[in-house]
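If you read the protein sequences in the order shown, they are chains L and B. The opening residue of the first sequence carries number -2 in my numbering; numbering runs sequentially from there. The opening residue of the second sequence carries number -2 in my numbering; numbering runs sequentially from there.
For the record, the hints were derived by calculation from the structure and aren't laboratory data.
A pair counts as met if it fits within one copy or between any two copies, since identical chains are not told apart.
Computed list of lysine-lysine pairs in BS3-like fashion (alpha-carbon distance at most 27 angstroms, straight line):
no., residue 1, residue 2
1, K1, K120
2, K22, K78
3, K197, K1
4, K78, K15
5, K86, K197
6, K15, K386
7, K78, K26
8, K1, K202
9, K334, K15
10, K324, K386
11, K15, K1
12, K334, K386
13, K361, K190
2 protein chains.
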Amino acid sequence: MIAKSMEPFVSGSSEIRKMFEEGVKMAEKFGAENVYDYSAGNPGQLPPKEVYAAIDHINHDLDPHLVHGYMVNAGFVSTRKIVANDLNKRSDIRYTEDNIIMTAGAGSAINALMKSIYDPGDKQIVFAPYFVEYDNWARNYHAESIIIPQNEERGFEPDPEELRKALVPEVKAVLINNPNNPTGVIYSEETIKEIAAVLKEAEEKFGHPIYIISDEPYRELVFTDQEVPFIPAYYDNTLIAYSWSKSLSLPGERIGYLAISPRSDDPEEFFGAAVVASRVMGTTNAPSLPQLIINECIDARVDIGYYRKNAEDLYGILTEAGFTVIKPQGAFYMWVKSPVLDEYEFINALQEERILGVAGSAFKGPGFVRLSFCISNETIQNSAESFRKVGERFFG
Amino acid sequence: MIAKSMEPFVSGSSEIRKMFEEGVKMAEKFGAENVYDYSAGNPGQLPPKEVYAAIDHINHDLDPHLVHGYMVNAGFVSTRKIVANDLNKRSDIRYTEDNIIMTAGAGSAINALMKSIYDPGDKQIVFAPYFVEYDNWARNYHAESIIIPQNEERGFEPDPEELRKALVPEVKAVLINNPNNPTGVIYSEETIKEIAAVLKEAEEKFGHPIYIISDEPYRELVFTDQEVPFIPAYYDNTLIAYSWSKSLSLPGERIGYLAISPRSDDPEEFFGAAVVASRVMGTTNAPSLPQLIINECIDARVDIGYYRKNAEDLYGILTEAGFTVIKPQGAFYMWVKSPVLDEYEFINALQEERILGVAGSAFKGPGFVRLSFCISNETIQNSAESFRKVGERFFG
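Looking at chain L on its own, in the form it has when it is part of the complex:
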């Protein structure tokens, strides 16, 4: 009854569902306030006040024929111009509205990009640990991931030499997620430069474009002085997928965009294909009211200090308890080294103390556990004693 081709998708989704169900069970057993749920990626912060004001303005003052109606499939021209101008602050590349397609979040953006470039049998390169939905999305277009294993020695930055070795003629794209989910690491300018050099060489060797799909929902969530390199400035064939899920705390609204670098091979042809790709997947266009929110909130941000404080406090708690932790520079994830080889054993020990995290294996990063610290600071403080107990058990 269910299509055979659905099977890998259905089986692949069990890991996160299991954790979700575990959280529900634990909340029932111990009370929600006694469960320290570091498993989800739902921002704990409310959207900034500009969002609420924008909704009022849209609902009462804008031309009501505009607000909820169809627009061209690529999205409102006004919104696409604002997005282009925003990107143009980051380098001397000149984006216009004809390089921007508004999408239902970054996931839809990446799907439209993949549909535009992947033929059956094509390959993409991903750097572990990574958001494994990339594999499912590629599979939608019968393309497959080549996984470059995580590199602890390099602090979880990708190794350009490993990239060079992995490149084969079937590779049409490389996925980069910076700041990174699940590690919280920011890939440095040097790493991006080296990756760009390796890919340019490969483009010449294989005689076709190799795109960087730059997945940037955490671009503005940076706690340190480290800058997030703007990849199109280093590599022409760069496609950006963006979402306001984190920077405006609007994950439920599904609002984002894709941006085709005007320096890429044939941006006009690509735009036409990506509009069609975006339309034929059935969403037709990005939701209209959220596009109009962006028109008024392009410079608004959630409070980065909230996530910085959570990062520092959780880092303190974990290191004091004896754990080895990558200190996050951005996003809202902490990548904790499992004190035992099999991180599921660590996960079980955490659960016994009512702490929920996600196994690194779910990100193709075995031996680690991802903790999302987009929860309240109070919950983090309350979890300290539990982390201490788990630490004692392993480090004694």
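Here the structure of chain L is known, so what remains is to put chain B in place on it, guided by the hints.
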């Protein structure tokens, strides 16, 4: 650079784009008020006042952590319960929230359903004339349409005998769009009963479910006493795709749902697969604020009288000008018989009088032209003289 598999999608999309561009050109040349654009499907009516009140309420009074956050992929349980209860008014079938998945419009709903059931090489049956995006969506899953030609003698209702002849083992679904775009015809209870009987027979013969995918965005847009049969009451393996684009005039917001009949083969397994299908296409979930609008507006409707009056006035103008027209019973489309075999010649004559319609061939219904009367009544009145002139040219 662009995937080869994108080519059929890109070439297939030219017809409607051409009409859109023509409209822009004509508006520039003659002024927008002097162009009678019957080509688009963008509702001319504003959403009912309940929608504006709901947005205010959601923006100011609901728990703000709920409003814009992630929910389970299937959508808010509260919304899914309200949708299930609404469906339960239509028959003695008992839908629950576990049969409903909120989607980004009917297009996303149909895509999730198709992804759940189609393997490469599978087939679907469509009754011409029909919304050709059905073909593109099926092609996303490497399935193909078997087209049953339009049947003018039956008043554009499907012929169950033709359906019987078209059924082959590869057919996994039959698409039904009632009231129909582009004809405005409502398929009668008798037709639905006969289709159900033919499909039940075929299910037994071929030993697997054959689903009806019932695309129902125009379900509430009915001008006559004729009832729109609720298909799940006649056929167990029915999957509904719904959108509030027309009934609440919210096409830009992308809010709809899919409903799996609790009487279908294994509704629980199907629900699991459709949730995954819906998620891995990248949209993650239906936009959250629009779901909450539905919670408060499930009984609200646009003014049907507006479309009824447009239907009657345009029907009067066209018949007086000598044209053969199917009098619409629902939706907001009129299916006009071309006075010459090649309807593009008719389209050109209309354009000379600044009237834009869509060629029937774009719906696999050659020899006809679709006029969308979701525009203002004033525009319809102003177009009378132009229709009269075109009529004179052909009949005069």
